[in-house]
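What follows is each chain in one-letter form.
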Amino acid sequence: MSEQIDLSIEEIRQISVLTRIAMTEDELDVMRAQMSNILDSVAILNEVDTEDVEPTGHSVNIKSVMREDQIQDSLTQDETLLNAPRRDGSFIRIKAVLE
Amino acid sequence: MESVNLETITIAEARRLLDNKEVSAVELTKNYLDRIKNFEKDIDAYVTVTEDRALEDANLADKRIGEGTQTNLTGIPMQLKDNICYSGIPTTCSSKMLENFVPPFDASVSTYLKNENSVLLGKGNLDEFAMGSSTENSALKSTKNPWDTNRVPGGSSGGPAAAVAASECVFSLGSDTGGSIRQPASLCGVVGMKPTYGLVSRFGLVAFASSLDQIGPLTKSVEDSALVLQSIAGHDSRDSTSLDVKIPDYFSNLTTDLKGFKIGIPKEYFIEGISPGVEKSILDSVEVLRGLGADVKEVSLPHTKYALAVYYIIAPSEASANLARYDGVKYGFSEKDAETMWAGLEKTRSNGFGPEVKRRIMLGAYALSAGYYDAFYLKAQKVRTLIRQEFEDVFKDVDVLAMPTSPTTAFKIGDKIDDPLQMYLNDIFTIPANIAGIPGISIPAGMVNGLPVGLQFMAGTLQETNLFKAAYAYEQATEWHNQFPSI
Chain P
2 MSEQIDLSIE EIRQISVLTR IAMTEDELDV MRAQMSNILD SVAILNEVDT
52 EDVEPTGHSV NIKSVMREDQ IQDSLTQDET LLNAPRRDGS FIRIKAVLE
Chain U
262 MESVNLETIT IAEARRLLDN KEVSAVELTK NYLDRIKNFE KDIDAYVTVT
312 EDRALEDANL ADKRIGEGTQ TNLTGIPMQL KDNICYSGIP TTCSSKMLEN
362 FVPPFDASVS TYLKNENSVL LGKGNLDEFA MGSSTENSAL KSTKNPWDTN
412 RVPGGSSGGP AAAVAASECV FSLGSDTGGS IRQPASLCGV VGMKPTYGLV
462 SRFGLVAFAS SLDQIGPLTK SVEDSALVLQ SIAGHDSRDS TSLDVKIPDY
512 FSNLTTDLKG FKIGIPKEYF IEGISPGVEK SILDSVEVLR GLGADVKEVS
562 LPHTKYALAV YYIIAPSEAS ANLARYDGVK YGFSEKDAET MWAGLEKTRS
612 NGFGPEVKRR IMLGAYALSA GYYDAFYLKA QKVRTLIRQE FEDVFKDVDV
662 LAMPTSPTTA FKIGDKIDDP LQMYLNDIFT IPANIAGIPG ISIPAGMVNG
712 LPVGLQFMAG TLQETNLFKA AYAYEQATEW HNQFPSI
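So the sequences go chain by chain: P and U.
In case it helps, this note's numbering puts the first sequence at residues 2 to 100.
In case it helps, this note's numbering puts the second sequence at residues 262 to 748.
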């Protein structure tokens, strides 16, 4: 990211496919300009010497949390499926996966 | 009932009135519901008003007060930002994607407030999925600033900040990923506080950027801020990033004497782009702090200028992963007009998300993608380390830092919405605290052309008592918190 960032329409189209967000040609064009701008502004990070610097994932030191496997009350199946857009009894119904 | 001035009432004052039986929780709640009816058409701070729930909660609170078993927040009418789940009440995130989503469970903070029999008045508006600094990104409505309804309330917790400023609730809970509690608090002239990362459980907070998100209070006073934090802070096994630490008594340090208290003024927060009125208010505030006996000195945090860039890599990256769950299958908006599951998925996400959310998801996906991961995401995480270390070092020297919350006062609705980069600059002074995970608070500290200015304090990790100490002393020495918008 050392030179001016100029994303291509093809790159944006590929990200739109990866993120499963369908876009019109006009939308792709606007997104290309805006993302190029934003990525340009973050190129300032290249100035910083990060040789031998460890990355920070979380701001506080957190270790993996383990606990005993205990049986507890949880939501009922009906409560869990309450918000499903399409239901079939105790199942979620979806469109065909294979064409 | 006794006449209660809702404009000036704080939690502490409401507690006294309720405990002395000068007013019942039901009466107090009805007063707020009336006020909401009168002012919502001008302010639009609420996505949902939960009148029945509120009256039921108030009845339970009155019973408890009758039994003498009340706690700090029993019977206090409040609001929750609409990205905090409350069982049986819609949680929309102000997004078309979740417009009809009704969570079957409570966020941990909702459970804590329920256990105290607080009164839920409703859910507060926000920028869609908490992404924004003006609440204009809400897919449902645009909240107005009570000080000038042609202006934004800030964001993303614009609904909560405006509701507290317009006295449409006693307090509200917001979430802060890059300044989303403190910046709107500043623009609306209320107290907004972001706790140390991990101090308040995120369970049931709809995730935006998981390593940065934190729930905190928006209130009318510093004392109220401490009161609410006392109730919601603490370890929760349902949030794997929750800190298992002893919660101090946040009141013990609320004194008006700052003798020997060390306050650092980071010069990097007084930069080009800050409005002269805001700068003057903050420099005047520094003199007030000095007058209270504080030992004030200039400090330097040279990596500050990189915080915004770090944020706009890390936050969208985490958002792109978190928001992958919205597929129109399990819950939320679902585009039914599609032949296959894949086509439905694409249409659902295309029509369910607004422009800013799409922008961040795509930006994040790009920064995480093969070939760019090291250059963007890993680089940002490394600079994050340097920013964090810089704060750790400075807090060896000073107890708190004081700086402006936002470079400007509230701007006009529509002014910045078409320029994402310009909008992002609103959070330039608040983002560093999220990057480092440290606590911050914004309190009213001036007026410029009839619009509030916020003074921000930051403290070291888990040093909330220092934060409250500085904020309380300043508040008690000034009159800014006693000014209310005429709406």
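Please note: incorrect hints may appear among the correct ones.
When the alpha-carbon atoms are kept at most 30 angstroms apart in a straight line, the in silico DSSO-like pairs for lysine-lysine are as follows [stated by the list, open to error]:
no., chain 1, residue 1, chain 2, residue 2
1, P, Lys96, U, Lys591
2, P, Lys64, U, Lys507
3, U, Lys619, P, Lys96
4, U, Lys507, P, Lys96
5, P, Lys96, U, Lys643
6, P, Lys96, U, Lys597
7, U, Lys357, P, Lys64
8, U, Lys597, P, Lys64
Calculated directly from the structure, the hints in this document are not laboratory data.
We went through each hint and held it up to the structure:
The hinted pair formed by P/Lys96 and U/Lys591 meets the criterion: a straight-line CA distance of about 13 angstroms does not exceed 30 angstroms. Between P/Lys64 and U/Lys507 the alpha-carbon distance is near 18 angstroms, which keeps this suggested pair within the 30 angstroms criterion. Between U/Lys619 and P/Lys96, the direct Cα distance comes to roughly 24 angstroms. Compliance with the 30 angstroms bound is thereby established for this hinted pair. Straight-line distance between C-alpha atoms of U/Lys507 and P/Lys96 comes to about 50 angstroms, which puts the hinted pair past the 30 angstroms bound.
For the proposed pair P/Lys96 and U/Lys643, the alpha carbon gap of about 43 angstroms is over 30 angstroms, so the pair is violated. Taking the CA atoms of P/Lys96 and U/Lys597, the gap is near 9 angstroms; set against the 30 angstroms cutoff, the hint holds. In summary, the hint linking U/Lys357 to P/Lys64 is not supported, as the alpha carbons are separated by about 36 angstroms, beyond the 30 angstroms threshold. Under the criterion of a C-alpha separation no larger than 30 angstroms, the hint pairing U/Lys597 with P/Lys64 is inconsistent with the structure, at around 42 angstroms.
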